[in-house]
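Read left to right, the sequence shown gives residues 8 to 525 (the numbering used here).
Because the hints were derived from the structure by calculation, they are not lab data.
Careful: at least some of the hints might be erroneous.
[Claimed, not checked] Distance condition first, Cα-Cα at most 25 Å in a straight line; then the derived DSS-like pairs of lysine-lysine:
1. 66 x 137
2. 292 x 255
3. 399 x 10
4. 194 x 10
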Amino acid sequence: MDKILVFDTTLRDGEQSPGATMTTQEKVRVAQALDGLGVDVIEAGFPVSSPQEFESVVKVASAVQRPIIAGLARATNTDVDKAAGALAAAAHPRVHIFLATSDLHLERKLKIDRDEALRRIERAVARGRKLIDDIEFSCEDATRTDLAFLCRAVQTAIDAGATTINLPDTVGYAHPADIAQMLQAVKAGCTGIDGVVLSVHCHDDLGLAVANSLSGIENGARQVECTINGIGERAGNASLEEIVMALKVLPCYYDSFATGIASDQLCPASEMLAHVTGIRPQPNKAIVGANAFAHEAGIHQDGVLKDRRTYEIMTPEMVGARGSLLVLGKHSGRHALMRRYAELGYDLSTAELDRAYELFILLADRKKVVHDEDLLAIYFEGTMEDAPRAFKLEHLDVRCGRSPSEAVVQLSHNDGPVQEAHANGDGPIAAAFTAIEELCPWSVHLEELQIVAAGSGRDAVGEVHLQLRVDGNHFAGRAASLDVVDAAARAFLNALDKADHARCLEERAFERMDSWAV
Numbered sequence: 008m009d010k011i012l013v014f015d016t017t018l019r020d021g022e023q024s025p026g027a028t029m030t031t032q033e034k035v036r037v038a039q040a041l042d043g044l045g046v047d048v049i050e051a052g053f054p055v056s057s058p059q060e061f062e063s064v065v066k067v068a069s070a071v072q073r074p075i076i077a078g079l080a081r082a083t084n085t086d087v088d089k090a091a092g093a094l095a096a097a098a099h100p101r102v103h104i105f106l107a108t109s110d111l112h113l114e115r116k117l118k119i120d121r122d123e124a125l126r127r128i129e130r131a132v133a134r135g136r137k138l139i140d141d142i143e144f145s146c147e148d149a150t151r152t153d154l155a156f157l158c159r160a161v162q163t164a165i166d167a168g169a170t171t172i173n174l175p176d177t178v179g180y181a182h183p184a185d186i187a188q189m190l191q192a193v194k195a196g197c198t199g200i201d202g203v204v205l206s207v208h209c210h211d212d213l214g215l216a217v218a219n220s221l222s223g224i225e226n227g228a229r230q231v232e233c234t235i236n237g238i239g240e241r242a243g244n245a246s247l248e249e250i251v252m253a254l255k256v257l258p259c260y261y262d263s264f265a266t267g268i269a270s271d272q273l274c275p276a277s278e279m280l281a282h283v284t285g286i287r288p289q290p291n292k293a294i295v296g297a298n299a300f301a302h303e304a305g306i307h308q309d310g311v312l313k314d315r316r317t318y319e320i321m322t323p324e325m326v327g328a329r330g331s332l333l334v335l336g337k338h339s340g341r342h343a344l345m346r347r348y349a350e351l352g353y354d355l356s357t358a359e360l361d362r363a364y365e366l367f368i369l370l371a372d373r374k375k376v377v378h379d380e381d382l383l384a385i386y387f388e389g390t391m392e393d394a395p396r397a398f399k400l401e402h403l404d405v406r407c408g409r410s411p412s413e414a415v416v417q418l419s420h421n422d423g424p425v426q427e428a429h430a431n432g433d434g435p436i437a438a439a440f441t442a443i444e445e446l447c448p449w450s451v452h453l454e455e456l457q458i459v460a461a462g463s464g465r466d467a468v469g470e471v472h473l474q475l476r477v478d479g480n481h482f483a484g485r486a487a488s489l490d491v492v493d494a495a496a497r498a499f500l501n502a503l504d505k506a507d508h509a510r511c512l513e514e515r516a517f518e519r520m521d522s523w524a525v
């Protein structure tokens with residue numbers, strides 16, 4: 008079985024994604040997660056670009072010892088020396104040298120001819136090889152390079168001592184057939200090609216990065232360059248998790264290939280990167296998206312409840328996800344509704360299920376998602392749309408100029424006396440939540456918190472959505488305000504209002520049952 012080397016460039020190409028800049032400490036954290044994931048090569052950065060970038064590569068090289076640590080360099084003595092210097096502490100260092108080879112880049116960007124490009128390749132690779140044994144050379148814009156000249160460039164790099172040859176689809180222009188043709192031409196046109204590792208690095212401008220990477224593997228590449236969540240320049244890079252799982256889930260095509268990736272760490276790595284960068288994958292992102300194992304359509308939900316294999320080609324456990332999620336909405340069926348009621352502790356008769364389903368469909372037509380509190384309200388003959396304002400925020404004061412932040416909250420409950428609580432927290436929102444919890448008569452746990460800006464500019468309204476677990480049941484809260492701390496506190500109280508209403512409905516139902524028994 009052929010080992011496919013996974014070259015992760017999240018810390019270098021991934022960080023070029025707008026807004027994804029990381030501190031040195033964050034880069035070390037990500038590198039350690041990548042080590043745990045089992046990647047073979049971590050491209051730690053571009054050392055010559057800035058003193059901080061150099062220091063980041065030094066820190067990563069010192070902190071992570073198992074995988075190869077690569078530093079990027081242009082085909083100049085200064086860049087190569089700087090990269091090698093930054094990797095001094097690495098157990099397995101690699102200098103990754105690149106030079107554009109397409110006529111468009113040579114003429115318009117570098118303003119050199121082909122012969123000068125070959126001379127630069129030879130000098131840079133030879134110099135790198137004197138410093139470090141492991142040298143990768145990349146032909147930037149390889150997929151738009153004349154194939155005959157591409158072979159000359161690759162041959163020059165091999166002769167100068169390169170150990171890995173990388174052929175990037177720099178602008179995401181190639182089709183899988185182009186990747187196949189390019190690799191076949193290089194294998195046929197270069198001597199000594201069997202003594203180096205062939206690699207591909209594909210961008211996603213046309214949404215073909217993963218398909219092109221797989222085509223590369225099928226045609227001789229034994230290293231793929233990719234990033235967690237597919238982040239990167241412009242439309243991003245090939246997604247590491249998608250490549251890994253395609254190789255694992257499709258044995259009819261890839262049974263002779265294997266990676267060293269611990270697939271059950273894919274979702275944890277994705278979540279950690281999203282936390283560090285603030286860039287979350289889109290909900291429908293393959294493998295790691297929030298909806299990757301979510302089902303709303305009734306037919307799908309019924310099938311998954313009977314046998315997950317009906318609509319899931321892999322299990323959530325395979326990639327470290329939390330489990331299949333049945334999202335209750337207007338497309339859901341009776342089977343999924345009955346299942347969720349059972350999970351909430353209610354065993355509905357056929358008549359009760361029919362009545363609940365009618366109310367559920369009416370509510371689902373008005374809401375995107377029906378939550379647990381809605382189901383409880385339906386069961387006890389009410390709706391959360393009717394939830395009165397049980398908790399009133401009389402006063403909120405937060406101070407966050409020092410650590411920990413402080414909050415003072417004054418609340419009244421069902422028009423009762425105003426009560427006050429003081430609390431600290433890691434930030435003003437956490438402090439406000441803790442103070443509210445102190446005044447709440449129930450056990451409350453924050454399950455999910457999402458803050459978005461509704462609009463742009465300094466006057467944008469902060470919109471807060473959250474999920475609370477109150478004594479084991481889930482309630483959603485929402486609020487908006489120019490002050491995001493105020494919005495968060497009011498969203499918290501909105502969820503508590505629903506919890507209070509659910510309890511009232513339940514008490515009324517029990518009272519009716521008692522009167523029937525008399």
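Compare the distance between the alpha carbons of residue 66 and residue 137 with 25 Å, and conclude whether the hinted pair is satisfied.
Holds: residue 66 and residue 137 sit about 23 Å apart, inside 25 Å.
Does residue 255 sit within 25 Å of residue 292, going by the straight-line distance between their CA atoms?
Within the cut-off at roughly 18 Å; holds.
Are the Cα atoms of residue 194 and residue 10 separated by 25 Å or less?
Between residue 194 and residue 10 the Cα gap is close to 19 Å, so the pair holds against 25 Å.
Is residue 399 within 25 Å of residue 10, Cα to Cα?
Cα-Cα ~62 Å, so violated.
Going through the hint list in order, the structure does not satisfy hint 3, though it satisfies all others.
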